[in-house]
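Participant: Sequence:
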Amino acid sequence: MTRPRLPGPTGPRPGDPPPGAPPGGVPKACPAAEVGAALRDVAGLGGFFAVRLGGPDRGWHPVTESYARGFPDLIAATAARHRSPEARLGASIAQLGHAARLWSPVLACTVLHGIVPDLSGLQRADEGPALRLPTPAGRYAARVPRLADALYGIVMTGQLEVLRAGLRVKVAPRLLDGNSASALVEAGRAILAAHPAAREPLTVLVDDLLRTRRLAGTGRVTGPALTFRRRSCCLYYRAPAGAKCGDCGLADRTDGAPGDRP
Numbered sequence: 001m002t003r004p005r006l007p008g009p010t011g012p013r014p015g016d017p018p019p020g021a022p023p024g025g026v027p028k029a030c031p032a033a034e035v036g037a038a039l040r041d042v043a044g045l046g047g048f049f050a051v052r053l054g055g056p057d058r059g060w061h062p063v064t065e066s067y068a069r070g071f072p073d074l075i076a077a078t079a080a081r082h083r084s085p086e087a088r089l090g091a092s093i094a095q096l097g098h099a100a101r102l103w104s105p106v107l108a109c110t111v112l113h114g115i116v117p118d119l120s121g122l123q124r125a126d127e128g129p130a131l132r133l134p135t136p137a138g139r140y141a142a143r144v145p146r147l148a149d150a151l152y153g154i155v156m157t158g159q160l161e162v163l164r165a166g167l168r169v170k171v172a173p174r175l176l177d178g179n180s181a182s183a184l185v186e187a188g189r190a191i192l193a194a195h196p197a198a199r200e201p202l203t204v205l206v207d208d209l210l211r212t213r214r215l216a217g218t219g220r221v222t223g224p225a226l227t228f229r230r231r232s233c234c235l236y237y238r239a240p241a242g243a244k245c246g247d248c249g250l251a252d253r254t255d256g257a258p259g260d261r262p
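In this note's numbering, the protein residues as written are 1 to 262.
Some hints here could point you the wrong way.
[Claimed, not checked] Distance windows between CB atoms, simulated:
{"id": "1", "residue 1": "ALA32", "residue 2": "ALA193", "range": "38 to 48 Å"}
{"id": "2", "residue 1": "GLY128", "residue 2": "ARG83", "range": "36 to 46 Å"}
{"id": "3", "residue 1": "LEU250", "residue 2": "ARG40", "range": "18 to 28 Å"}
{"id": "4", "residue 1": "GLY59", "residue 2": "ARG174", "range": "29 to 39 Å"}
{"id": "5", "residue 1": "THR212", "residue 2": "GLU65", "range": "26 to 36 Å"}
{"id": "6", "residue 1": "ARG81", "residue 2": "VAL162", "range": "17 to 27 Å"}
{"id": "7", "residue 1": "ALA29", "residue 2": "PRO85", "range": "44 to 54 Å"}
{"id": "8", "residue 1": "GLU200", "residue 2": "LYS170", "range": "35 to 45 Å"}
{"id": "9", "residue 1": "ARG168", "residue 2": "GLU34", "range": "37 to 47 Å"}
{"id": "10", "residue 1": "PRO85", "residue 2": "GLU200", "range": "21 to 31 Å"}
{"id": "11", "residue 1": "GLY153", "residue 2": "PRO62", "range": "32 to 42 Å"}
{"id": "12", "residue 1": "ALA77", "residue 2": "ALA32", "range": "24 to 34 Å"}
{"id": "13", "residue 1": "ALA172", "residue 2": "ARG69", "range": "37 to 47 Å"}
{"id": "14", "residue 1": "THR222", "residue 2": "ALA76", "range": "17 to 27 Å"}
No lab work stands behind these hints: they were computed from the structure. These figures come from a predicted structure and were not determined experimentally. Note that beta-carbon positions come from the ideal geometry of N, C-alpha and C, so glycine has one too.
Input sequences plus hints: build the corresponding full structure.
Facilitator: Structural data, given as structure tokens:
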């Protein structure tokens with residue numbers, strides 16, 4: 001299958017190294033100002049797409065510190081918000097929300113601007129789930145070999161799998177993988193609604209990601225609007241005022257239509 005070209009610098013084909021690079025060389029970095037402009041632009045798509053850029057360090061810490069502690073503050077706050085005594089419900093929904101805050105800006109910048117953000121310096125607010133990059137960095141998508149693998153490495157390997165390893169609350173690993181896939185497709189659906197002309201590269205990239213490593217087998221896209229049916233459940237229905245989400249593997253509906261999200 002021929003992959004559609006993503007936006008990016010003219011010249012090299014997708015996957016080509018930058019001019020003068022040795023075989024296997026690192027793809028050309030994108031200027032920080034350009035990465036920052038792309039991130040600020042996609043933040044307009046909604047709260048999950050927003051990443052704070054620069055500014056004072058006070059009030060922020062490396063997100064890896066939160067991962068190592070197992071997100072106890074967000075899990076407790078999430079369980080309390082949903083009036084649930086179940087720590088695993090709080091852990092699942094907190095992880096789902098965090099996955100959305102990771103996939104949304106990364107996917108949008110890649111598809112709409114041809115820029116793959118680097119999240120290695122990501123920070124989290126001392127209070128709340130907000131995210132920050134002290135200095136934007138990234139690469140041109142057109143110069144990144146195996147783009148789906150690269151995005152998987154940034155979001156899953158570099159972030160969500162580290163969080164999973166640090167969780168002190170017992171949650172089924174495939175449930176968390178399903179959350180990650182659900183957040184990915186939900187981000188794609190929001191991008192598609194705002195930018196229908198991006199359908200082809202967006203849907204191809206989402207499909208490629210859903211075939212990649214731990215995301216493989218988590219669910220399937222069920223319609224042209226990127227509706228989705230996952231094979232697991234985020235546990236939101238177990239909250240006192242909860243319900244089964246539109247993509248829930250336990251839902252009776254067969255159309256994968258969106259429903260209320262936690």
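Participant: Would you mind marking each hint as holding or not holding in the structure?
Facilitator: Going through the hints against the structure:
no.: 1; hint: ALA32 / ALA193: 38 to 48 Å; verdict: violated (29 Å)
no.: 2; hint: GLY128 / ARG83: 36 to 46 Å; verdict: violated (19 Å)
no.: 3; hint: LEU250 / ARG40: 18 to 28 Å; verdict: violated (38 Å)
no.: 4; hint: GLY59 / ARG174: 29 to 39 Å; verdict: holds (35 Å)
no.: 5; hint: THR212 / GLU65: 26 to 36 Å; verdict: holds (27 Å)
no.: 6; hint: ARG81 / VAL162: 17 to 27 Å; verdict: holds (24 Å)
no.: 7; hint: ALA29 / PRO85: 44 to 54 Å; verdict: holds (48 Å)
no.: 8; hint: GLU200 / LYS170: 35 to 45 Å; verdict: holds (41 Å)
no.: 9; hint: ARG168 / GLU34: 37 to 47 Å; verdict: holds (39 Å)
no.: 10; hint: PRO85 / GLU200: 21 to 31 Å; verdict: violated (46 Å)
no.: 11; hint: GLY153 / PRO62: 32 to 42 Å; verdict: violated (18 Å)
no.: 12; hint: ALA77 / ALA32: 24 to 34 Å; verdict: holds (33 Å)
no.: 13; hint: ALA172 / ARG69: 37 to 47 Å; verdict: violated (21 Å)
no.: 14; hint: THR222 / ALA76: 17 to 27 Å; verdict: violated (35 Å)
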